[in-house]
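So the chains spell out like this:
Protein chains: 2
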Amino acid sequence: MKLTKDKKILIVGLGVIGAAYADALTEQGYCVYAITRSKETLDIAKEKGIIFKGINKPEKEFVEQADLVVFALYPHVFEEWIDSYQWMLKSGAVITDVTGVKTCIVYKIQEKLRDDVEFIPAHPMAGRESKGIQFADKNVFKKANYIITPTEKNTEDAIELCEDLGKVLGFEKISRLTPEKHDYMIAFLSQLTHVIAVSLMTASNDDSLYNYSGDSFKDLTRIANINDEMWSELFALNREALLKEIDKFETQMSKMRDLIDASDKDGMREMMKKSTENKLAFDAKFQKNK
Amino acid sequence: MKLTKDKKILIVGLGVIGAAYADALTEQGYCVYAITRSKETLDIAKEKGIIFKGINKPEKEFVEQADLVVFALYPHVFEEWIDSYQWMLKSGAVITDVTGVKTCIVYKIQEKLRDDVEFIPAHPMAGRESKGIQFADKNVFKKANYIITPTEKNTEDAIELCEDLGKVLGFEKISRLTPEKHDYMIAFLSQLTHVIAVSLMTASNDDSLYNYSGDSFKDLTRIANINDEMWSELFALNREALLKEIDKFETQMSKMRDLIDASDKDGMREMMKKSTENKLAFDAKFQKNK
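The listed protein sequences derive, respectively, from chains A and B.
So that you can map any letter, position 236 of the first sequence is 236 in the numbering used here, and since no number is skipped, the others follow by simple counting.
So that you can map any letter, position 72 of the second sequence is 72 in the numbering used here, and since no number is skipped, the others follow by simple counting.
So that you can see chain A by itself, here it is in the shape it has in the complex (with noise of 0.2 Å):
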């Protein structure tokens, strides 16, 4: 299947990244339709312009012309969605998803669902900090990654439809990863930095402290205004590669802790011209990446 502009496409919760999608699609000339359980939101994605029709419970009528699914919710939910509704979809249709962990829910899903429908599953690498569609912006798929992790299952076929879908939502890197791989890099750039900016944030009872905050207190909490219940079932879904993320972090920390303790000067100082080092490095990397 190829995404020209006369296939039809079914946008699964009009969230923050749902609603953004239905909007980058919808500008780029697609039919986008939608199921999203809140009426207010429903309301205000046809007030927008950004869908073309839109429900908010599932219907086979609704469901069944959809040729591409994309799921935007929070991994339960996209589960229980499946259990429930998957017989409405049309044989030969295509779904994806846009879920912040792989393993735990790929291979879960590809082994439920239907022969005659593919999940190619992705990840758009791209967010706020805030919820709900009134925060939806596609402008932030610009500058970001788009994942996908591709199983034994998927056809090369589906793959290239993904690849197709990431590159009209505007992504500037579209990359494929395997489910495993792709946690273990979430659980250290993503969920090791927010587990870091919440410890941050909460760690200290003074906030008279604040008035004298300069750039980096703010840069490091940033993202510490944060969706408890997604990143809550995000964490505990990649429980274990976080974990060992969080744990390789606190040895460095235990590390320079000791190195300040003992007033080692000389050992500080190796810690940070490393980390001078990886800095150089990765901004080569992110700029090439840009």
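Just so you know, these hints were derived from the structure itself, not from any lab.
Treat the hints with caution; some may be incorrect.
[Stated by the list, open to error] Straight-line distance between alpha carbons at most 16 Å, and here's what the computed EDC-like set of lysine to aspartate or glutamate pairs gives:
1. A/Lys143 <-> B/Asp219
2. A/Lys248 <-> B/Asp207
3. B/Lys248 <-> A/Asp207
4. A/Lys57 <-> A/Glu80
5. A/Lys218 <-> A/Asp207
6. A/Lys274 <-> B/Glu250
7. B/Lys285 <-> A/Asp215
8. A/Lys142 <-> B/Asp215
9. A/Lys244 <-> B/Asp206
10. B/Lys181 <-> A/Asp215
11. B/Lys2 <-> B/Asp206
12. B/Lys153 <-> B/Glu111
13. A/Lys255 <-> B/Glu250
14. B/Lys218 <-> A/Asp219
15. B/Lys218 <-> A/Asp215
Computed from a predicted structure; not experimentally measured.
For chain A, the structure is supplied; the task is to place chain B on it using the hints.
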């Protein structure tokens, strides 16, 4: 003494901060003298037109002209300078500094200083990740805090002179704190954040991960490119306060780790809600101060 334009200001050390002071003060019409060790730095300063006159080594006729002397040196170099050259200072001169730690240096310098010279300590909370005159930028002061840390030995007259200096340099907010409160604040807001950034930036040996970074890892490691000579000295000098703040942070990290280990979503959500609440309070203060 008032900071009128007939006053002669001497800056000792044209690093990234000292040179930015020189630039800002010259622009405001002050007559700026400078002493800096490197010939090359002095040439650049002259070329840029940010000083009126400069030399590489202290000379009595040069030093004794100054009404106000700003020491923009590493802490131990500042102390050595006072030991060796304070005899050159004009009677009635006021001296100040830019040192990022206070308790360990303020009392010591005030103790050993001549009775006819007053030291009023200050910390411009602004900087760059890079060192040296070529990275000096007077615009970094515009959104920053200027903190004066007077002791019982200081006169109101000198404190006000220092406040005027902060205003002329363009700082948005000028405050007074005790040296002790300053060091506790800086341990949490600035030193701890650097410890975290360095630990995070050195936590993984797998730099292929950097290819997939989103904004959160980038934000948390912005300051991981670090002047190791300066920061190791600052960490060691503020050892006790910093260890306490590291321990507060580590308590929170352990708490979150335990919650993840136990897949305790309610516990995680509670901590995340506290984080969001604190972040909103921080943003409100930070905005108000801008």
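Go through the numbered hints given earlier and state which of them the structure violates, listing their numbers in rising order.
-> As far as the earlier hints go, 6, 10 and 11 are violated by this structure, in ascending order.
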